[in-house]
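Now for the letters of each chain:
2 protein chains.
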Amino acid sequence: MSTNITWHSSALGREEREKLLSSKGVVIWLTGLSGSGKSTIGRALEANLIREGRFAYGLDGDNIRFGLCKDLGFSPEDRKENIRRIGAVAQLFCDAGAITICSFVSPYKNDRDAVRTLVANRFVEVHVDCSVEECARRDPKGLYKKARAGEIPNFTGISAPYEAPIDPEIHIDTATSSIEHSVNTIVAYLMHQDLLHVVDRPNR
Amino acid sequence: MSTNITWHSSALGREEREKLLSSKGVVIWLTGLSGSGKSTIGRALEANLIREGRFAYGLDGDNIRFGLCKDLGFSPEDRKENIRRIGAVAQLFCDAGAITICSFVSPYKNDRDAVRTLVANRFVEVHVDCSVEECARRDPKGLYKKARAGEIPNFTGISAPYEAPIDPEIHIDTATSSIEHSVNTIVAYLMHQDLLHVVDRPNR
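Protein chains in written order, with our numbering: chain A, -8 to 195; chain B, -8 to 195.
Treat the hints with care, since some could be wrong.
If several chains are the same, the list does not tell them apart, and a pair holds so long as it fits within one copy or across any two.
As the list claims (entries may be wrong) - Pairs of lysine-lysine, DSS-like flavour, derived with a Cα cap of 25 Å:
hint: 1; residue 1: K61; residue 2: K71
hint: 2; residue 1: K137; residue 2: K61
hint: 3; residue 1: K100; residue 2: K61
hint: 4; residue 1: K132; residue 2: K61
hint: 5; residue 1: K71; residue 2: K132
Please keep in mind that the hints were generated in silico from the structure rather than gathered at the bench.
Whenever a hint applies, use it, and build me the whole structure from the sequences.
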C-alpha cells in the first residue's frame, strides 16, 4: 500500500463497505441463564468463524462488565442500562461489518427487543435453553450455590426473573446439543439467511 | 464454507487472530476543537483504508452521541464518562483487530491518557490543530456563534478549556495541511510503525 493512497472524498454506504470487506454485519444474540453455555458457544463460534477468515467478534461479560459497564450492578435498572450499552456497541460492530456475537443473560424481553429494533433485519436471537436445575447442577462458577445461600441478590433464575424468548430465530437445547452441533446450527442459519455470503475479495 | 465447519475448541490469541484476519488492531485518536477537521479527516481515512480492503471503522459524535452516550451532556463529569465509554469501545474494536478511528474533541489530557493506557502500544494520538479563531471563522455547524452568544454552555475553546496534547504521535496543522495530505501523513505513520503490515491471506 503506497503512502500516496488513491484519493476518494466520498463516504461509504453499507453495501459498498460490505462488498469491499467481503463481510456482512450481523448481531447474534445468545440469551440464557448463567451456566447455560452461552459464552462457551459464543467463543467457539467466534474462533471458528475467524479461522474461516470471517471478521467475527464476541462480546460477553468478560470484556464488558470489567470495561464499558464496570459502573453497573445487577438491579433491574442497571441490567437495562447494561443491555442498552451493549446493544449500542453491537450496533456499531454490525455497522462496521462484523459478525457480532453477544453472550449475555439478558433476562428481560423488552431489553432484547430494543436491540433487535436497533439493528433491524440483522438480529439473530438464539435462546440457549437450559433448565435452572441443570444450570445449578453444573454451576461452573459456584454462583448458584451462593445465590441459594442468599449471598447474591437479584440472581437470574433464583431471585430474579428470566423472560425466555417467545419466538427466537434459533432455539438450542443444551441438554441434547453439543457445543459443536450448536455452533453448526447457528452457522447453517446464517448461511440460509445469506448472512455469510462473501463476494470475491478484490486484489490488493 | 461448509455448515460442518472444522472444529476447534481453543480460543484465539491476539497474534493468531490478527494473522487470520490479515489486520492489526490500532486506535487512532483524533483530538481537536470543534470545526478543526477531525471528523472530516477521520471519515476520509476510514473510507480510504476500507477501499484498500482494511478493516477500519470510525467512531465520532454522529454514531456515539445519539447512541451509546445519548444519556450524557457536556459537563466535565459527563465529558469524562463520554470519553471513558468511547475508550472502552475503542479497546474492543482494537482487540477485534480493527483500525479504529476516533474523532472527538476530548479536551482533557487525563481522559485521553486513560484510553492510551487501555490500549497500550496500539494508541496513536493525532492532534488536529487549528486555532479557535479559524474554527470560529469556519463554524460549519454554527456552534461558535451560539456559544459566543451564551446559548451553549461548556463549549470547548469559548467557555470550557482545551488541553492540547503535549507530545502526540502526529501533529496536523489544518491551516497548511489538506485533508488528503493529513490522511497520507497518518497512513505513512502507521506503515512506519508496522501497524498496517498485512500477511498473506490464507485461501478460503
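Comparing the hints with the structure gives:
Taking CA atoms no more than 25 Å apart as the test, K61 paired with K71 passes in both settings, with 14 Å inside one copy and 15 Å between copies. For the homomeric pair K137 and K61, the shortest alpha-carbon distance inside one copy (21 Å) is at most 25 Å, but the shortest distance between copies (36 Å) is not. For a Cα distance limit of 25 Å, the shortest separation of K100 from K61 qualifies both inside one copy, at 23 Å, and across copies, at 22 Å. In this homomeric assembly, K132 and K61 come within 25 Å of each other (Cα to Cα) only inside a single copy, at 19 Å, whereas the closest approach across copies is 34 Å.
Taking the shortest alpha-carbon separations for K71 and K132, only the intra-copy value of 23 Å comes in at or below 25 Å, while the best inter-copy value is 34 Å.
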